[in-house]
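Q: Protein chains in written order, with the numbering used here: chain L, 1 to 170; chain Z, 1001 to 1700; chain E, 2001 to 2100.
Hint data in this document are derived by calculation from the structure and do not stem from the laboratory.
Ideal Cβ positions, reconstructed from N, Cα and C, are used throughout, including at glycine.
Some hints could be false.
Label-pair distances were calculated between CB atoms; the ranges are [claimed, not checked]: (1) Val66/L to Asn1610/Z: 52 to 60 angstroms; (2) Leu161/L to Thr1066/Z: 35 to 43 angstroms; (3) Ser1048/Z to Leu69/L: 45 to 53 angstroms; (4) Val146/L to Leu1007/Z: 50 to 58 angstroms; (5) Val146/L to Tyr1595/Z: 30 to 38 angstroms; (6) Tyr1161/Z to Ile2075/E: 23 to 31 angstroms; (7) Gly62/L to Arg1069/Z: 31 to 39 angstroms.
Just so you have them, the derived chain Z footprint on chain E, three or more residues with Cβ under 8 angstroms [as the list claims (entries may be wrong)]: (8) 2017 to 2023; (9) 2059 to 2070.
Per the computed footprint, the stretches of chain L lying under chain E, defined by three or more beta-carbons under 8 angstroms from a beta-carbon of chain E, are [stated by the list, open to error]: (10) 14 to 22; (11) 62 to 70; (12) 88 to 97; (13) 130 to 139; (14) 154 to 164.
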Amino acid sequence: MEQVFFYIFAVVAVASAIAVITARSAVHSAFFLVICLLQVAAVFVLLRFPFLAAVQVFIYVGAVMVLFLFAVMVLDVGRETFGERLHSQSIPAVLTLAVLFVMMGLLMFSGKVTVPGGPYSEAALARNTEIIGRALYTKYIYPFEVVSVLLLIALIGAVALVMRERVKVK
Amino acid sequence: MIDYVWLIPLLPMMGAAVNGVLCSRMPKKAAGLIGCLSMGIAFLISVSILVKLLGLAPGERSVEITVFRWITSGSFNIDISFLVDPLSTLMILVVTGVGFLIHVYSVGYMHHDSGFGRYFSYLNLFVFFMLMLVLGSNYLVMFLGWEGVGLCSYLLIGFWYHKKSASDAGKKAFVVNRIGDFGFILGLFVLFWSLSGHGISSLGFKEVFANIHHLNPNIVGLIAVLLFIGAVGKSAQFPLHVWLPDAMEGPTPVSALIHAATMVTAGVYMVARNSAIYSMVPAVGEAVAVIGIFTACLAATIGLVQNDIKRVLAYSTVSQLGYMFAAVGVGAYTAGIFHLMTHAFFKGLLFLGSGSVIHAMSDEQDMRKMGGLHSHMKITSTTFIIGALAIAGMPPFSGFWSKDEILWESFRGGHYLIWAVGLFTAFLTAFYMFRQVFMTFTGECRADSHTKEHLHESPSVMTVPLIILAFFAIVGGVVGIPFLAGGSKLHHFLSPVFGHGAATAAAAVSHGPGEAIAAVAGEGAHIAESAAGAAGYAAHSSLEFILMGVSVAAGLIGIFLASLMYYAPMRALAPSFLRPEVIAGRFSALHTLLYNKYYVDEIYDAVVVNPVKRLCAWSLSFDLGIIDGIVNNTAWSTRLTAWFSHKFDIYMVDGLVNSLATAVNFNSGIWRRLQTGYLQNYALIFVLGILALVVRALMG
Amino acid sequence: MLTLTHFLILSFLLFLIGVAGVLIRRNILIVLMSLELIFNAVNIVLAAFSYYTGNLNGTIFVVFNITVAAAEVAIGLAILVCVYRRSQTVYVDEMDEMRG
Chain L
1 MEQVFFYIFA VVAVASAIAV ITARSAVHSA FFLVICLLQV AAVFVLLRFP FLAAVQVFIY
61 VGAVMVLFLF AVMVLDVGRE TFGERLHSQS IPAVLTLAVL FVMMGLLMFS GKVTVPGGPY
121 SEAALARNTE IIGRALYTKY IYPFEVVSVL LLIALIGAVA LVMRERVKVK
Chain Z
1001 MIDYVWLIPL LPMMGAAVNG VLCSRMPKKA AGLIGCLSMG IAFLISVSIL VKLLGLAPGE
1061 RSVEITVFRW ITSGSFNIDI SFLVDPLSTL MILVVTGVGF LIHVYSVGYM HHDSGFGRYF
1121 SYLNLFVFFM LMLVLGSNYL VMFLGWEGVG LCSYLLIGFW YHKKSASDAG KKAFVVNRIG
1181 DFGFILGLFV LFWSLSGHGI SSLGFKEVFA NIHHLNPNIV GLIAVLLFIG AVGKSAQFPL
1241 HVWLPDAMEG PTPVSALIHA ATMVTAGVYM VARNSAIYSM VPAVGEAVAV IGIFTACLAA
1301 TIGLVQNDIK RVLAYSTVSQ LGYMFAAVGV GAYTAGIFHL MTHAFFKGLL FLGSGSVIHA
1361 MSDEQDMRKM GGLHSHMKIT STTFIIGALA IAGMPPFSGF WSKDEILWES FRGGHYLIWA
1421 VGLFTAFLTA FYMFRQVFMT FTGECRADSH TKEHLHESPS VMTVPLIILA FFAIVGGVVG
1481 IPFLAGGSKL HHFLSPVFGH GAATAAAAVS HGPGEAIAAV AGEGAHIAES AAGAAGYAAH
1541 SSLEFILMGV SVAAGLIGIF LASLMYYAPM RALAPSFLRP EVIAGRFSAL HTLLYNKYYV
1601 DEIYDAVVVN PVKRLCAWSL SFDLGIIDGI VNNTAWSTRL TAWFSHKFDI YMVDGLVNSL
1661 ATAVNFNSGI WRRLQTGYLQ NYALIFVLGI LALVVRALMG
Chain E
2001 MLTLTHFLIL SFLLFLIGVA GVLIRRNILI VLMSLELIFN AVNIVLAAFS YYTGNLNGTI
2061 FVVFNITVAA AEVAIGLAIL VCVYRRSQTV YVDEMDEMRG
């Protein structure tokens, strides 16, 4: 049953990802990206990380994609012709990607990607949201604070960058 | 209280942050208050740490305080942690104490400057990095401070960046320091690499010093040399001394704090901190001492003929730093640190005094236009003369005790040449300092009438620090007087730090025989002896008194000679061949050589700077030629032949240097084609990198 | 039964598609979206390894990753708007002022 759901999510995710990079208009791309991100959230649920799935939906689908849509509106780009879409280095790029595809496939089936066991048992993993919460506020409190400051800086920086110089009124 | 040692660097950092963020929004008073207050509190904490440390038994006076884990990479961990031991306590006392006085002085000196808040922000930031340097308990924290003080020095030298000479001087200081830092970091790499071969992946001082004897002496020698290159850059020793005199373009309190009292002594501190390494390789120690004493003499001779009041002091600083290196080089670490401390007092005092003079003279720095200032500014001139007496090594001023200890240690260690050169330099020091005193404060005032009208004593916010520093310049030597009851207090205080070197050397003996190591053992025994301090002094005291007399006599002769040549009442008595202009005329070649600082800057220009510039210019023309050749197909063949004949010419005429340049150039001609400026070309190269990694994983 | 390889292959496909988007598309908006695809591929790998190794550090990394990605998008789009105002183009290959 799980497997069936995984294949559904995976196929939709890959298909929408391909649609993202082939769509003719940026608005379409953005909508396909939303679909793809939702599939990734579903994959997180399959991995028994409901917390991650929620974060994924809130931040990516809720915040990031809205930003993208705003940007699309501000930049006002319409549909593009096929020639406009492609970069001049497409041929070497595609060749490189093909080689990478083969190599990574070989790597994946060579059995070299293995996993050693970790500290948490199956039972402990069942309440992983609690463990993550604790770790975030104890062991990872410094990175957590730093990331929050980073977000604040990004917020202020984005506003400062986009704001136009206003003529000062006396 | 020792647990709160992290407050000491934190306070200046907070001061720097507040002043830096709010500098343009804040009244000057608030900026000055924040700067001074953060330093004052840091100084009080340092004093309380000293008190706590003195309450501990001598064997336990080394406490490591870990604040947080900085870097984790596998089994390799680096903490932000502080080492509180006698050496670092002494250093933080000097840094925060002298730093506090200089901050207070700056409030007066920089009063009219528009960059007041920026200035205090930089100054506090500097103190923060300096404290990290001296307090760090591992090499990386030390390196953090080491680079940070370099940055702040650059910022403060170029503080008046609209003046081209100032921004050039800042760049010069930065680049020259970089050469030294390169050696320093290579030293760290070698140290880490060789130690990890023995299963020790740590850069903490304790672990490194406890295991350094496992290493091959040649490797240790290499590490010592590389670290010393760093010290040469930071402490302005020959051949990297050229930046310090130019650094005088910065505000005078900056020269006092960074380029006299604290930052430039970081090299001495570093060598002393690494006494365990240096005492393993006496040959490197000898080299350190020789370079030190050579620099001392070289800089002193240049100082004889300079006319800029701050440049004389700058060369004097280079010279005194040479003394300190001579001391740590011969294994007399305590003497070196002692001189570092007293030097911080009297050289800080001299610089602040010269700042007061410059302030009064409406920013005039040429001593030929000064004179007779004693009647206008009594406090400044009195304190300045105290400082000059201290640096000239007159008893009972502090400089006498420390300088004499260096000379005595080098004599006792059998380094007679170093002793002799040091003695001669002491004579030169006394001479040029009193030449400066007489030219500035006595005789007729040679300033123009406009400046004369504005002559005034500085406000009390500037004179009070002068008086306090003068007090310490007089009595600062008390802690190191060898023949008081119980011997030198400083020796006892510092011996746990430097006794370690002897123990390491002794351990080296037990770990492996061999001639080199036997030599190490001899040196180790010598250090153990000098660390024992008082006992050794008793036996040699009569000889020591004679040598003291000799060095005082050298200083007195210097002062007397200076007074004959530059002090008006004595000039009348002097024979005519002692007139400065007569001497300058007779030895005009020597005078020109000295006046132009042995042409070191010019030599560097000719050997390093200009070839690089020429390389750049030539590569430009080369690039243009090649690209035009490709573009203009019609002209291509003509250009090609012209290019070949041109190339032939250059190869035949300019030879090896240019052929090397050609290779570099040709190479860069290819590689610059890669800089297409297209973002996605770069991204493609990333992907190629990933591909390489995947292939590597597939193979391995 | 789902294995680690399932998730690795899914993530690998998303990664390749994302890289292809970055390398081939000229429109910088799409390039940024492709970057998000790459981010998500990485997140899947982290979460999958975290689950199958029974070690939750990887999951915490995903949380940080998502946060950093949000910051990156905010700044990236702001820069994009600035660039667009300056040069009136969204095509990456027309922004070549850094050309050597």
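Q: Each hint should be assessed against the structure and marked as holding or not.
A: Hint-by-hint comparison with the structure:
The hint said 52 to 60 angstroms for the Cβ distance between Val66/L and Asn1610/Z, and at roughly 59 angstroms that hint holds. Checked against the hint of 35 to 43 angstroms, the pair Leu161/L and Thr1066/Z passes, with Cβ atoms roughly 39 angstroms apart. At about 60 angstroms, the beta-carbon gap between Ser1048/Z and Leu69/L misses the expected band of 45 to 53 angstroms. Between Val146/L and Leu1007/Z the beta carbon distance is about 22 angstroms. The supplied range of 50 to 58 angstroms is therefore violated.
A hinted range of 30 to 38 angstroms is violated for the C-beta pair Val146/L and Tyr1595/Z, which are about 55 angstroms apart. With their beta carbons about 29 angstroms apart, Tyr1161/Z and Ile2075/E fall inside the hinted range of 23 to 31 angstroms. Distance hint check for Gly62/L and Arg1069/Z: the Cβ-Cβ separation is about 35 angstroms, which falls inside the suggested range of 31 to 39 angstroms. Residues of the stretch 2017 to 2023 of chain E with a Cβ under 8 angstroms from some Cβ of chain Z number 3, which satisfies the need for three, so the listed coverage holds.
Against chain Z, the stretch 2059 to 2070 of chain E contributes 0 residues with a C-beta closer than 8 angstroms to a partner C-beta. That does not satisfy the three-residue criterion, and the hint is violated. Residues of the stretch 14 to 22 of chain L with a Cβ under 8 angstroms from some Cβ of chain E number 5, which satisfies the need for three, so the listed coverage holds. Note: the stretch 62 to 70 of chain L has 5 residues with beta-carbon separation from chain E under 8 angstroms; the three-residue rule is met and the coverage holds. For the stretch 88 to 97 of chain L, the stated coverage by chain E holds: 7 residues have a C-beta nearer than 8 angstroms to a C-beta of that chain, and at least 3 were required.
Check on the stretch 130 to 139 of chain L: 4 of its residues sit with their Cβ under 8 angstroms from a Cβ of chain E, so the three-residue criterion for coverage holds. Requiring three or more residues with a Cβ within less than 8 angstroms of a Cβ of chain E, the coverage given for the stretch 154 to 164 of chain L holds, as 7 such residues are present.
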